[in-house]
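Colleague: Letter by letter, the chains look like this.
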Amino acid sequence: MTKKIDNNNKQPISVSKDEDWKSKYLRALADYRNLEKRTIEEKYEIKTRAAANFILKLLPVVDILEKVEKNVHDEGLELALKQLREMFKIEGLEKIEVVGKRFDPYVMECIEVVEAESEGQVAEELRRGYAYKGKIIRVAQVKVGRKKEEIKNKETVNT
Amino acid sequence: MAKVIGIDLGTTNSAVAVMEGGSPKIIYSSEGRNVIPSIVDPIKHIIGDVAKRQMVVNPKSTVFSVKRLMGRKYNDKSVQKDTEWLPYTIKSGREGMAVIEIGGKTFTPQEISAMILQKIKADAEAYLGGKITEAVITVPAYFDDSQRQATKQAGEIAGLTVKRILNEPTAASLAYGLDKKHAHTVAVYDLGGGTFDISILELGEGVYEVKSTNGDTHLGGDDFDRRIMDYFADDFKKEHGVDLRKDPQALQRLKDSAEKAKIELSSSLETEINLPFITQGKDGPLHMVFKLTRAKLENIVSDLIESTIKPVEAALKDAKMTKDKIDEIVMVGGMTRMPRVFQLVKEFFGKEPNRTVNPDEVVAIGAAVQAGVLTGEVKDVVLLDVTPLTLGVETLGGVMTPLIKRNTTVPTSKSEIFSTAADNQTSVEINILQGERPMAGDNKSLGRFILDGIPPAPRGVPQVEVSFDIDANGILNVSAKDKATGKTQSIKIMGSTGLSKDEIDKMTKEADEHAADDTSKKEKIEAKNKADNLIYVAEKSLKDAGDKVPADIKKEVEEKIAAVKTLTDASTKDEIEEKTKDLSETLQKIGQSMYQQQQQQKQGEDEPPVEEKPEKEKEEKNNDKKNKGSKKENVQEGEVVDS
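Each protein sequence line maps, in turn, to chains A and B. Per numbering that gives the first Met the number 0, residue 0 is the first one in the first sequence, and the count goes up by one each step. Per numbering that gives the first Met the number 0, residue 0 is the first one in the second sequence, and the count goes up by one each step.
FYI, nobody ran anything at the bench for these hints, they're computed from the structure. It is possible that some hints are incorrect.
Stated by the list, open to error - PhoX-like cross-link-like pairs, simulated, lysine-lysine; straight-line CA separation at most 25 Å: (1) B:281 - A:69; (2) A:146 - B:43; (3) A:36 - B:130; (4) A:56 - B:130; (5) B:59 - A:146; (6) A:66 - B:259; (7) B:162 - A:23; (8) B:588 - B:542; (9) A:100 - B:59; (10) B:43 - A:100; (11) A:23 - B:179; (12) A:69 - B:245; (13) A:42 - B:43; (14) A:56 - B:290; (15) A:66 - B:588; (16) B:210 - A:147; (17) B:24 - A:46.
Next up, chain A with everything else stripped away, as it sits in the complex (with noise of 0.2 Å):
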């Protein structure tokens, strides 16, 4: 009598036990499926990213050249640039239209307003803005147009 009442007590005790750890266990392996398909997607995330990053190094070189060749008008220079660009466009790498557009901070930062015809559009690019295998990498600095009696209000910040 007396063993089989310390069964039926010992029995939800070891059950509960067996079950946490199923419910671990399968935590675990859930957190590991996951991790594996994130992996997966890392994987080509890091690749992308890595080209990104160097390419993100290069550009700072790539504008200076760019305003070299507005500057100063050399063959040479030019069919260095004509060649790059046309290596940038095979490799995925693309320019941002900005120019006339409509300001939008999602491919664009604003560094200055200056007055212009039309309201909120894009006056002038400062820094050309690159998309990399259709993501964007670096965001174009432009000067953003506004009507002339607005620019009086206008007020510059500095973060």
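Position chain B relative to chain A; hints supplied.
Modeller: Chain B only, in chain A's frame:
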């Protein structure tokens, strides 16, 4: 069960982390960044980096630093002070609370903060792939009840049940596990983008109590950037007579460069600022090239850094403590990466501050740890051990061949195929080793056993599968199986992971110290093994070819074999390699002459002159304890280092 996220809702930037597999992990924003700028355009509902980019266009509708207004009355002295410099309109709202007015609409700071939290929530949901409904949010230690309530409301507006409002310094301490280290008193030095906070904490009954706080609500990384910028701009003005600060485009480039220079000088001693075509001068474009050294930077900002010490002293005084009573110091905020800041704090306390966790992420990580404690995930976590040192077997020439690399999470198992080192070798000895050194003798032997009964065969032919298996309790099971006969031997080693921390440190340190020496030793042994192997191949070729080899070639090969055999342990690696190469080249002559003969016989049997052994097969160290009849000359190799 749904996850609870930990959120650091900051003045300048916010961050979010979650417990995953028992350890906290930062969640990256949809823009791929570890922090989100705490900036909101509530009209257009734009948050974070995107909102920051349109600040100049919409200065009056872009809200930043909203944390400064949280739960404060409009008449509050600090709000009054902030109204002066914040570009958006601040008004008195219900019950005199500070509210923001944009385009005729009013927003409470809670609503603005809620938008930041909503973005955080959305990013976390995208990352975790499930709904998030609960969070732990951190606040500065000096936040009063009203400010804490406001933060909680912000969470609720964003659809998050706030499980706990946690003090930022406490979160930072949790991130370092200081509660488990039983650090009694902790000083948290937090120099962020726009604010400086110092908090003194005391641990009592498992809970951190904030003893005192102090700081400067308007001191941070931005001030440092501005100093650097001014320094450049002044210098440029002196040289070219142009004030770059008046040209927004130049100013932006200068601002970016100043911040970049500051970051670079945390790891290098000198950096160059290179801004071609920075502006237009009278005689054409002007360029800016500037060298900045760490020493100069420290000079420029020294008073800013020094000014943090006074609040630290005041906080200590309020806590009725002296600096030598502080057990641990925790560094928070990106600015603490600056070597001079770290140095100053270290000198002040006379102790090394904690800084291994990314100072931008440490508060969010601590919040995630707290979230994990609340859900029971932290307490319940199954601690999976790792093997502290590499485990492997001894192979030919006394080389340590690793099977399970150090820091592998257990339970785990690994197997590899080995072979014999001599002809007709019928037994192999498995010597189980632990350590990081390439030579067997320098590592610790955990045990050894012999697998015998291998059918006699030429060297390299038998396949012995050696398996290592460590279970969750750290018990190592090593077995060796002869693939031909299926014969198996095994050994169980208890506590293969149970080394004391000192032992592990010592062994790891030794490995580092001897790395170069060990590698050359190992390379030499490998060269010697190759030489021995070649002798074997050469002798076999001579024997197999028999009379087909012209006498002169045979003689030459024998001479070369003898030359390689004269090599001893004293010979250098280059010597060994040179003589081996010599023999290898001579050996080809056997093949050549045989092919010539074959051509005469038209088509004969095709036997390559030199048989290279498959690379993958590592030869098990020859053991001749049982194999007394072993007559091959290279047997002694295995014994040389056997100690």
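Colleague: List in ascending order the numbers of the hints, as given earlier, that are violated by the structure.
Modeller: Violated hints (numbers, rising): 4, 13, 15, 16; every other hint is consistent with the structure.
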